Amino acid sequence: MIVVKGLKKNYEGLEVLKGVDLTINKGDVVVLVGPSGCGKSTFLRCLNRLEEPDDGTVLLDGKEVTEKDIDAMRAKMGMVFQHFNLFPHLTVKKNITLAPVHLKLMDQKTADAKAMELLERIGLADKADAYPNMLSGGQKQRIAIVRALAMNPEVLLFDEPTSALDPEMVGEVLELMKELARGGMTMVVVTHEMGFAREVANRVIFIDEGTVKVDKPPQEFFSNIENERLKTFLSKVL
Amino acid sequence: MASMAQQYEVWSALMKSGEEVSLWQQTFVKFYQAFLENDRWLQYIEGVGTTLLVTAIALAIGVVLGGVVALVRVAHDQQRPKHRNPVLGVVDFIFKIYVTVIRGTPMMVQLLIMGMVIFASSRNFTMVGALTLGINSGAYVSEIIRGGLMAVDPGQMEAGRSLGLNYITTMIKIVIPQAIRSVLPALGNEFIILLKDTSLITVIGGKELLYAAQGVMNRTYESMFPLLGTAAIYLVLVMIFTWLLGKFERRLAQSDRR
Chain G
1 MIVVKGLKKN
11 YEGLEVLKGV
21 DLTINKGDVV
31 VLVGPSGCGK
41 STFLRCLNRL
51 EEPDDGTVLL
61 DGKEVTEKDI
71 DAMRAKMGMV
81 FQHFNLFPHL
91 TVKKNITLAP
101 VHLKLMDQKT
111 ADAKAMELLE
121 RIGLADKADA
131 YPNMLSGGQK
141 QRIAIVRALA
151 MNPEVLLFDE
161 PTSALDPEMV
171 GEVLELMKEL
181 ARGGMTMVVV
191 THEMGFAREV
201 ANRVIFIDEG
211 TVKVDKPPQE
221 FFSNIENERL
231 KTFLSKVL
Chain U
1001 MASMAQQYEV
1011 WSALMKSGEE
1021 VSLWQQTFVK
1031 FYQAFLENDR
1041 WLQYIEGVGT
1051 TLLVTAIALA
1061 IGVVLGGVVA
1071 LVRVAHDQQR
1081 PKHRNPVLGV
1091 VDFIFKIYVT
1101 VIRGTPMMVQ
1111 LLIMGMVIFA
1121 SSRNFTMVGA
1131 LTLGINSGAY
1141 VSEIIRGGLM
1151 AVDPGQMEAG
1161 RSLGLNYITT
1171 MIKIVIPQAI
1181 RSVLPALGNE
1191 FIILLKDTSL
1201 ITVIGGKELL
1211 YAAQGVMNRT
1221 YESMFPLLGT
1231 AAIYLVLVMI
1241 FTWLLGKFER
1251 RLAQSDRR
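Going down the list, the protein sequences come from chains G and U.
As numbered in my numbering, residues 1 to 238 make up the first sequence, in order.
As numbered in my numbering, residues 1001 to 1258 make up the second sequence, in order.
Simulated from the structure, these hints should not be mistaken for laboratory data.
Every value quoted in this text rests on a predicted model; they were computed, and no experiment measured them.
Even for Gly, the Cβ is constructed at its ideal location relative to N, Cα and C.
Among the clues, some could well be false.
[Unchecked claim] Here chain G is said to cover these stretches of chain U; the calculated rule only asks that three of the stretch's residues, wherever they fall, bring their Cβ under 8 Å from a Cβ of chain G:
#, segment
1, 1074-1084
2, 1148-1157
3, 1160-1172
Turn these sequences into a full structure, and let the hints steer you where they fit.
So this is what it looks like as structure tokens:
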């Protein structure tokens, strides 16, 4: 579904991505791990061109993602950020319905109903008319996930979704992500939660020095470690 | 009133005849001349009207101009290196010159140039003054708004864009509403400065409050009361303005705590 070929990205002379090739199939739950600064977040952000790649192509459903029709492409790729990035001046419900209504994917009524249904699902229906700064971090992140879901995306991109959360709130967010994965959602997740990778992912990918070093199912990834740098990395995080 | 007028007649006649008069009598006569004789207070009222009108016009020009300049400059700065729009670049360059020139030259000089060079043939001094103040204010307002727009967390723009909203929609629906809040105190300050600066258009013959006061001074050869009166009126206007702004900000702050 997403095909990445030869993706390269430099930051002022520093080569962060040195040609990444990767294919993500429909229904895949891909977890990207690697030491900080290895380019995994940059890779994720290149997929929907929040960062502009210097070289290489990204294909979504066989169509190249380019600057020209980027908005239509992004509408199909939901993104969840480390710092939630909810819109603080809008209510929770408005946060969720703004984009689908504005892009004429649904009318306000349908979008409202959909928002309520999604909020119901995560047990936050009573927060529909609250503003984001009245919510806990975990609630914010779950609403940010719902906001992305309301667009009916083909794939969800998670950029360290639990890194800014208090430890006691990590669980509720991971739980929701697990539920989505079980529901067949295609997901690309950058995270340090190895438990999540082991339990939910069908592929775990180790990115190091700007390239994909290991790409295996989690059982193999964690038990059968050949790559030296992965060994060092895992010994630090596990 | 009638008795005050009679009293004035008596005491001013005394003064003119060169007789000794008390300090109180002198003060009364000067006060009467400054505000009441020939219904001069009407001239001040008229002046205040013009002052408020000029402020309103200059404010409107300043905010519109400042907003446009700020949005263009921010849009230019936020472009990606490889996708720069040449038209935006040219407009941005022109706006940069505008801001530099306006902020780099004294308001008084700008007024004189507009009144005596560019619009030398115009008799509508008040409107030339309002236009000049508006153009001047626009440069400062643009920097205030630009600061406000840049202070909004870049994650907000990313979140909007990642949902498939285009740049302009994200600006209008997400970034600008958040910028307005943070910008309001600084804008209020700018408006108060603008209100007081309207007094400068006197130099090109704009008929606002200070102009009215000068008219009275020229007639009565007396400057204390007209000037003190003018100062008092400005002070009251600014205090009303400050109070209104404070009320507005409190209302915004309330909705912030929701």
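Checked hints:
Look at the segment 1074-1084 of chain U against chain G: 3 of its residues bring a Cβ nearer than 8 Å to a Cβ of that chain, three or more, so the hint holds. With a cut-off of 8 Å between beta carbons, the segment 1148-1157 of chain U has 3 residues touching chain G; three or more are needed, and the interface restraint holds. Given as covered by chain G, the segment 1160-1172 of chain U passes the check, having 8 residues with a CB less than 8 Å from a CB of that chain where 3 are the minimum.
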